[in-house]
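Starting from the given sequences, assemble the full structure and let the hints guide the process.
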Amino acid sequence: MEQGEVIIRVAGSAGDGVASVGDTLSKLASRSGLGVCAYNSYQSVIRGGFVWLQIRISNEKVYTHGDNPHILIPLNQAEYERHKDSVLPGGFIVYNEDKVKVTEKRSDVNYVGLSLRQLAPEQAKQPIMQNTLLVGSVVKITGLDRDLLEDVVRKSFGGKKGEEVAKANIDVINAGYNNTNITYDFGIRKQNKQYYVITGNYAIATGAVIGGCKFYSAYPMTPATSILHWFSANAKKYGIVVKQLEDEIAVINAAIGAGFAGARAMCATSGGGFSLMTEAIGSAGMTETPIVVVNSMRGGPSTGLPTKTEQGDLFQALGASQGEYPKAIIAPKDVVSCFYLAPEALNLAERYQMPVILLIDFLLSNGYYGVYTSELDPSKIKIERGEIITSVNGDGYHRYKDTPTGVSPRVLPGTPETYYVAATDEHDEKGILISDIFTDEVKRKKMMEKRMRKMEHVVKEFPLPTVEGDEKPDITLVGWGSTYGVIKETAQLLRKEKVKVNHIHVEYLYPVKKEISDILSKYKNVVIVENNYSSQYAKLLRMETGYHIDKSILKYDGEPFTPLYLLNEVKRYL
Amino acid sequence: MPVVDIKKYQVELNPTWCPGCGDYGLLRGLQTALAKLDIDPSRVVIVSGIGCSSNLPHFIKGYGYHSLHGRSLPTAQGIKMANPDLLVIAAGGDGDGYGIGVGHFVHACRRNLDITYVVMNNQIYGLTTGQTSPTSDFGSKTKSSPDGNYEFGLNPILVAIASGATFVARTFSGEPEHMSEIIAKAIQHRGFALVDDISPCVTYNKKNTYQWFKERIYKLEDVGHNPYDISQAMQRASEWEDKIPIGIFYINPDKPSHDQIDPVIRDGGVVNKPIELTEEQKKEILQAFL
Ligand SMILES: Cc1ncc(C[n+]2csc(CCOP(=O)(O)OP(=O)(O)O)c2C)c(N)n1
Ligand code: SF4
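For the record, the sequence lines run as chains A and B.
Under this note's numbering, the residues of the first sequence are numbered 808 to 1381, in order.
Under this note's numbering, the residues of the second sequence are numbered 568 to 857, in order.
These are computed hints drawn from the structure, not numbers from a lab.
Certain hints may be false.
Simulated crosslink set (DMTMM-like; lysine to aspartate or glutamate; CA at most 20 Å straight-line) [as the list claims (entries may be wrong)]:
1. B:Lys810 <-> B:Glu843
2. A:Lys1043 <-> B:Glu782
3. A:Lys1044 <-> B:Glu748
4. A:Lys1000 <-> A:Asp954
5. B:Lys840 <-> A:Glu1376
Only part of the chain B face toward chain A is listed, based on derived beta-carbon distances under 8 Å [said to hold, decoys possible]:
6. Val571
7. Val612
8. Pro641
9. Ala643
10. Asp652
We treat Cβ as the ideally placed atom computed from N, Cα and C, and that holds for glycine.
In structure tokens:
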């Protein structure tokens, strides 16, 4: 088995407490200075269904949750049957004997069966305690730090009332720990590193708030919902107006209203909600109102796969709303870039007075990733609001003044004597309507050009994606969004097999930087990797630059790529 | 009664409405109300949707946001939540507010944010040249109901009361004095105030004309209506066709407005405060993920 890391899979039904096992183990790992990555594959049900969570713990920072597990924790019989063959040779199955009956044993796997009924003290015999018992056992097997585990548990049941519960949990941990007689040295050693364990959603929320986000509205939709939860819990503390509204149409229009009034505003949803928002996103382009919209993609179309991952909404973002208007589409590649790109999106939205769409997906939204504390540095986040003026002289205020960059100085309502009407109908530089009866081709053309001119300037300031890896590669992998981690790791695996490989990950998707095609045309064997059916980024690139990536690795079964899966697929092109 | 000067709220642009349109009355009523209350136009934001009536913000001094069809209320609420110092007035038509935007309308009543909502109700779609609207009378002939409307009209007054609005009134564009008084009271009311204005469309609505209303309208204050009594309000609100009441149907002074409840909005909102977190806060915000 691979040294220096362990992959643990917990499988159960919704309601079995799978997530809490993941939570406890990831906290324990990160507090031990270990790298961690957790992915929760669940069903859109509150009870029942098939839920599994995989957590990978390593001496180094890890980028994916890995492939097959070293240790399986099945929480019921059905999940035992489903996952028992996935355990790596030499691995472990740790289970509660009262619930899971093991008949045929694999000869290459260690079975650790513990009975909750027999081992748990009287006050802790509730079924959910089996998780705690099995975690205790896993900590013994792997040599993780038991004292630290107790600490984690105590903190999670903090407060006076929690003390008793914490005590009961610790008793059960010890029961699991002390009754496990087999250990294995995975080579995991406590490290002197400091990690945050954070999801993409939390990274976006915290990054945005450090970046001055003062208005957040949402309507619950998986996988974006936990952004709302974070904001709701922190609204008062950081002085943010946070609203759950009646639907996504209200959400986006309210956020636009707030942006117009002068608040840095953001909202988030998934594809279905995004569909409802599109008319308003175009209106923000027309009224030149700053707004950031996060679309955390799930499997589509329609309500699709509510709790599964996909990168299928790039074209939806591109085509959001009728007509043409300036906008930017950005896709963070990992939690670190979520943290920095959310405030960057707010900056772009305000500086260019236009909508900015952040595309992430289920995997990145809800996956837990360990990142070094130094990687999330609030002091690197700068707030740039663009031009906001408080007075005008001469012939009054022209809200939509034609300027070389297309950006017109903004005033906030409440400013004396600078009245104007922001209109979603076409208007002139003053904001007076030229739609319907006055339609004026010259003015219309001027205003369209003024607005669209912003795009030339936006694209200029977008950074080029960096090329990671060999200079003269046998193969070049191209990706965007959450596939960064798995591509990076697959490249490492390829290098071990003496394959020369590099990879390019695009975060600033739209407007498209033409230079990307120049970079790519230097390489002879370019393959696009996307979590969708039709390779949307490759199509966009071809549409905008003429450069065609004709080799693709595509996955649209609802689950994310894993390193071994991708490795195998890449080999087709070697 | 002192003479009020509405010049402060007038702009150079002339309304684009048909001569005789009821919307002129509402515009004047609103300007008069603002003048009576002597409100600085820089503080006023008028938010509308789409329709003839929704062109209103262009014809009155103050800031304006002319949003999408049916979306004036969410936009207006976003503005008010971000900056509660602004006086926010939402305006639009019956199609805009009671058709495409009816979901937002119900929730705005329920939320009770301090906004005044004036609806120029002409019981028809004006801008799209005369189709039935949600408030069109049963049987009325329009371009989309050539044999007479098969549906029954929605009663916005009842919907508003039932949904939790704390100030609900009806005005008539043929009664400008009465209207401006009621709008002024609606603006002064702290909470969500609906003013449903009967605003005849002289071009497309051949049934509900000025004359038709003049024959039916009476004032609630003339019959000793008690606007603090919800059952009386509901009863009066149910009248139509034979006798049509105008005036204030309902006032609920006890329910706090949303902006008095939300701690961040109550505290002055977010627009007039520094947006950068303190160093302390920046440090602390990530601690939860350790
Ligand atoms: C999403 C959408 N659907 C339809 C329209 C077309 N439309 C414009 S105004 C209008 C109705 C206007 O009626 P009302 O709100 O009663 O206002 P009025 O013109 O009568 O004052 C419609 C359907 C639109 N602009 N947007
Ligand atoms: S069509 Fe009707 S509502 Fe529109 S401006 Fe003319 S009279 Fe007024």
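Notebook entry, point to check: Does the nearest C-beta of chain A fall within a distance shorter than 8 Å of the C-beta of Val571 of chain B?
Noted result: violated, 20 Å
Item checked: Restraint check for Lys1043 of chain A with Glu782 of chain B, where alpha carbons must lie at most 20 Å apart -> Roughly 54 Å separates the two Cα atoms, so the pair is violated.
Notebook entry, point to check: Taking 20 Å as the top limit, are the C-alpha atoms of Lys840 of chain B and Glu1376 of chain A close enough?
Noted result: violated, 53 Å
Margin query: Does Ala643 of chain B hold up as a contact with chain A if the rule is Cβ-Cβ below 8 Å?
Written below: Check passed: Cβ of Ala643 of chain B comes within 6 Å of chain A, closer than 8 Å.
Check: Can the restraint linking Lys810 of chain B and Glu843 of chain B be considered satisfied, given a maximum Cα separation of 20 Å?
Finding: violated, 58 Å
Checklist line | Agreement of hint Asp652 of chain B with chain A interface, Cβ distance less than 8 Å | finding: Interface hint status for Asp652 of chain B: holds (6 Å vs cutoff 8 Å).
Next item on the list: Could you grab the alpha-carbon distance between Lys1044 of chain A and Glu748 of chain B and see if it respects the 20 Å cut-off?
Entry: violated, 42 Å
Notebook entry, point to check: Does Asp954 of chain A lie within 20 Å of Lys1000 of chain A when you go C-alpha to C-alpha?
Noted result: With Cα atoms ~18 Å apart, Lys1000 of chain A and Asp954 of chain A stay inside 20 Å; holds.
Notebook entry, point to check: Once the shortest beta carbon distance from Pro641 of chain B to chain A is found, is it less than 8 Å?
Noted result: Check passed: Cβ of Pro641 of chain B comes within 4 Å of chain A, closer than 8 Å.
Check: Given Val612 of chain B as an interface hint, is the shortest Cβ-Cβ distance to chain A below 8 Å?
Finding: holds, 5 Å
Violated hints, in rising order: 1, 2, 3, 5 and 6; the structure is consistent with all others.
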